[in-house]
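Construct the entire structure; sequences and hints are all you get.
What follows is each chain in one-letter form.
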Amino acid sequence: MIVFDKISKTYQSKNVSVHDIDLKISKGEFITLIGPSGAGKTTLLKLLLSEEKPTSGALYFDSINIHNLRRLDLPKYRQRIGVVFQDYKLLESKTVYENVAFAMEMIGKSDAEIKADVPHALELVGLENKGYSFPYQLSGGEQQRLAIARAIINQPDVLIADEPTGSLDPESSQGVLTILKKINELETTVILATHDKDVVNTLKKRVIRIEKGRITHDKEKSGYHSH
Amino acid sequence: MSLRLDLQRIIREGLINFWRNKLVSFSTVVVMTMALLVMSSLLFLNGVLDFSLQQLQDRVDVNVYFFPDVPETEITTLQEKIALIPEVRDVQYISREQAFTDFQERHKDDDLINRSIEELGDNPLGASLNIRAYESTQYEAVITAIESEPVVANSQFVERINYYDNKAMIERLNEFSAIARLVAYAVIIFLGIVALLVVLSTMRIAIFAAKSEITIKRLVGAEHRYTRGPFLVMGGLYGLCAALFSMIALYPMTRWIGGYTKTFFGGMDIFNYYLLNFIPIFIVLLAVGMIIGIVSSRLAVRKYLRV
Numbered sequence: 003m004i005v006f007d008k009i010s011k012t013y014q015s016k017n018v019s020v021h022d023i024d025l026k027i028s029k030g031e032f033i034t035l036i037g038p039s040g041a042g043k044t045t046l047l048k049l050l051l052s053e054e055k056p057t058s059g060a061l062y063f064d065s066i067n068i069h070n071l072r073r074l075d076l077p078k079y080r081q082r083i084g085v086v087f088q089d090y091k092l093l094e095s096k097t098v099y100e101n102v103a104f105a106m107e108m109i110g111k112s113d114a115e116i117k118a119d120v121p122h123a124l125e126l127v128g129l130e131n132k133g134y135s136f137p138y139q140l141s142g143g144e145q146q147r148l149a150i151a152r153a154i155i156n157q158p159d160v161l162i163a164d165e166p167t168g169s170l171d172p173e174s175s176q177g178v179l180t181i182l183k184k185i186n187e188l189e190t191t192v193i194l195a196t197h198d199k200d201v202v203n204t205l206k207k208r209v210i211r212i213e214k215g216r217i218t219h220d221k222e223k224s225g226y227h228s229h
Numbered sequence: 004m005s006l007r008l009d010l011q012r013i014i015r016e017g018l019i020n021f022w023r024n025k026l027v028s029f030s031t032v033v034v035m036t037m038a039l040l041v042m043s044s045l046l047f048l049n050g051v052l053d054f055s056l057q058q059l060q061d062r063v064d065v066n067v068y069f070f071p072d073v074p075e076t077e078i079t080t081l082q083e084k085i086a087l088i089p090e091v092r093d094v095q096y097i098s099r100e101q102a103f104t105d106f107q108e109r110h111k112d113d114d115l116i117n118r119s120i121e122e123l124g125d126n127p128l129g130a131s132l133n134i135r136a137y138e139s140t141q142y143e144a145v146i147t148a149i150e151s152e153p154v155v156a157n158s159q160f161v162e163r164i165n166y167y168d169n170k171a172m173i174e175r176l177n178e179f180s181a182i183a184r185l186v187a188y189a190v191i192i193f194l195g196i197v198a199l200l201v202v203l204s205t206m207r208i209a210i211f212a213a214k215s216e217i218t219i220k221r222l223v224g225a226e227h228r229y230t231r232g233p234f235l236v237m238g239g240l241y242g243l244c245a246a247l248f249s250m251i252a253l254y255p256m257t258r259w260i261g262g263y264t265k266t267f268f269g270g271m272d273i274f275n276y277y278l279l280n281f282i283p284i285f286i287v288l289l290a291v292g293m294i295i296g297i298v299s300s301r302l303a304v305r306k307y308l309r310v
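Just so you know, the protein sequences line up as chains G and V, in that order. Heads up, the first sequence is in the numbering used here, so the first residue is 3 and it goes up one at a time. Heads up, the second sequence is in the numbering used here, so the first residue is 4 and it goes up one at a time.
It is possible that some hints are incorrect.
[Stated by the list, open to error] The calculated DSS-like cross-link candidates involving lysine-lysine, where the alpha carbons are at most 27 Å apart (straight line), are:
hint	chain 1	residue 1	chain 2	residue 2
1	V	Lys111	G	Lys96
2	V	Lys306	G	Lys55
3	G	Lys214	G	Lys78
4	G	Lys132	V	Lys214
[Said to hold, decoys possible] Cβ-Cβ distance ranges computed for the label pairs, FRET-style:
hint	chain 1	residue 1	chain 2	residue 2	range
5	V	Leu10	G	Tyr138	24 to 32 Å
6	V	Arg301	G	Lys214	41 to 49 Å
7	G	Arg73	V	Val287	32 to 40 Å
8	V	Asp9	G	His69	23 to 31 Å
9	V	Leu8	G	Tyr13	38 to 46 Å
10	V	Leu279	G	Arg73	28 to 36 Å
11	G	Glu94	V	Asp9	22 to 30 Å
12	G	Tyr79	V	Ser5	17 to 25 Å
13	V	Ala290	G	Tyr13	43 to 51 Å
14	G	His69	V	Ile208	31 to 39 Å
15	V	Ser5	G	His69	29 to 37 Å
Quick caveat, the hints were computed from the structure, so don't treat them as lab data. Don't be surprised by glycine CBs; every beta carbon is placed ideally from N, CA and C.
Listed below in structure tokens is the structure:
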């Protein structure tokens with residue numbers, strides 16, 4: 003489904019962020035991406051979202067080189083991917099309800115569908131009573147859960163989660179992992195970038211370690227420290 | 004997705020954003036109102052200039068003076084022919100008797116002239132035709148047409164055409180009108196561009212504040228119309244509000260200035276001009292405001308859509 007074919011990304015400062023990445027991700031897989039800060043995890047996710055263009059190599063999504071897509075076609079591609087950004091990227095001028103509804107409006111869902119689905123999604127992440135609040139009125143953990151609700155509302159083909167448990171307590175982290183596992187059971191491919199050892203060890207899914215822009219470890223049903 | 008639903012959501016979001024970003028909306032509307040007030044003052048200036056030039060042009064006319072013995076029928080036939088010339092606004096026949104009465108009235112206090120008239124015992128004045136064209140530039144063509152008439156060409160009939168006495172004055176007025184209009188248009192265009200740039204900068208600042216929002220929308224898969232559309236709606240709303248505020252502000256402003264312009268420009272009351280042209284002025288301000296608002300939003304948003 004997703005193929006990174008010798009992908010490299012060098013920034014203008016000449017810093018190589020990722021180098022010669024070869025990676026295949028099948029439909030319905032759950033991938034955990036680990037590595038130290040600055041290893042290139044986020045760059046890899048940005049390349050997948052076409053937020054960044056590679057310096058060399060190609061990235062295929064269902065056999066389509068996504069970096070050859072016209073700017074006009076990019077939204078349709080991005081609508082197939084749900085993203086939980088590390089910095090949440092919430093729409094500050096919209097309420098909690100509107101942030102989730104916006105994602106549904108993008109794919110042309112009717113007002114009736116939006117009215118029916120958004121409360122469910124908010125309930126799933128424990129924000130059912132915060133519908134009228136604005137993001138700045140939420141705690142970090144609540145903002146992260148809102149980002150999750152927005153990412154999963156359209157049942158995307160791929161769910162990218164960049165440090166989704168970063169600012170959550172252990173109990174909330176488990177809740178987020180449960181949601182990610184549930185959505186993975188519905189055939190959604192999940193790519194999770196994390197630092198959290200406990201999360202990786204609990205999941206026991208395919209683990210890919212990136213160090214200095216290269217893949218140093220790729221193993222099925224692995225843990226944080228296994229080599 | 005249906006176009007109606009799309010449009011409905013874009014307009015709704017534009018309205019909500021306009022309301023929620025009150026401070027940004029307020030400051031943008033204030034700047035735009037000032038720009039529109041500058042433009043409307045130029046519209047009034049143009050109105051005053053038109054009025055003054057028209058006043059001057061109305062005072063310019065051309066007279067064809069006939070010898071006293073020319074039969075009245077010859078003159079009235081010529082009057083009818085002149086009235087058919089397209090550039091001619093009106094032709095007035097002044098009979099010998101009328102000319103004599105006017106002359107007496109004009110010189111009623113001049114004893115020497117009164118005595119001379121009594122001495123003559125007869126009316127020495129001939130009839131004349133008073134001709135006015137629509138524009139002062141048209142007199143040359145009108146006179147050429149009149150001179151080609153056989154009655155006029157006959158030197159026994161026409162004593163004098165005073166166009167040639169007035170020619171220098173008419174030409175000077177034409178030159179002045181052309182220069183005055185040119186200067187007025189140049190000032191309008193210059194200040195219009197300045198106003199546009201000020202509004203564009205304000206809109207840029209307003210949209211810069213929403214830069215991250217545009218990027219986020221793009222990253223979650225929003226199409227151009229969804230990222231750009233609400234800003235265009237907001238731009239249009241800024242224009243609509245600014246046009247309304249300008250019209251409201253113009254009421255006391257023109258009322259106050261009106262008194263001065265009435266005495267200064269010989270009858271032109273700018274407040275009256277505002278009341279009489281209320282709808283056309285509002286349409287011009289609304290169109291200019293909305294176009295500036297929408298175009299500057301579009302230009303400002305374009306920069307942030309490259310995600």
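Results of checking the hints against the structure:
A hinted pair counts as satisfied when its Cα atoms are at most 27 Å apart, and V/Lys111 with G/Lys96 does not qualify at roughly 86 Å. Taking the CA atoms of V/Lys306 and G/Lys55, the gap is near 18 Å; set against the 27 Å cutoff, the hint holds. Annotation: proposed proximity of G/Lys214 to G/Lys78 is violated, straight-line Cα distance about 32 Å (limit 27 Å). Note on G/Lys132 and V/Lys214: the hinted pairing holds, with a Cα-Cα distance of about 26 Å set against a maximum of 27 Å.
At roughly 30 Å, the beta carbons of V/Leu10 and G/Tyr138 sit within the given window of 24 to 32 Å. The beta-carbon spacing between V/Arg301 and G/Lys214, approximately 44 Å, falls within the hinted interval of 41 to 49 Å. About 37 Å separates the C-beta atoms of G/Arg73 and V/Val287, a value consistent with the hinted range of 32 to 40 Å. Our hint of 23 to 31 Å for V/Asp9 and G/His69 holds, since their Cβ atoms are close to 28 Å apart.
A hinted range of 38 to 46 Å for the beta carbons of V/Leu8 and G/Tyr13 is consistent with their spacing of about 41 Å. Restraint check, V/Leu279 to G/Arg73: a C-beta distance of roughly 51 Å breaks the suggested window 28 to 36 Å. Taken as a hint, the range 22 to 30 Å holds for the pair G/Glu94 and V/Asp9, whose Cβ atoms sit roughly 24 Å apart. Under the hint 17 to 25 Å, the C-beta atoms of G/Tyr79 and V/Ser5, about 23 Å apart, fit the expected range.
The hinted window of 43 to 51 Å between V/Ala290 and G/Tyr13 holds, with their beta carbons roughly 47 Å apart. Between G/His69 and V/Ile208 the Cβ separation comes to about 33 Å, which falls inside the hinted range of 31 to 39 Å. The supplied range of 29 to 37 Å is met by V/Ser5 and G/His69, whose beta-carbon atoms lie about 32 Å from each other.
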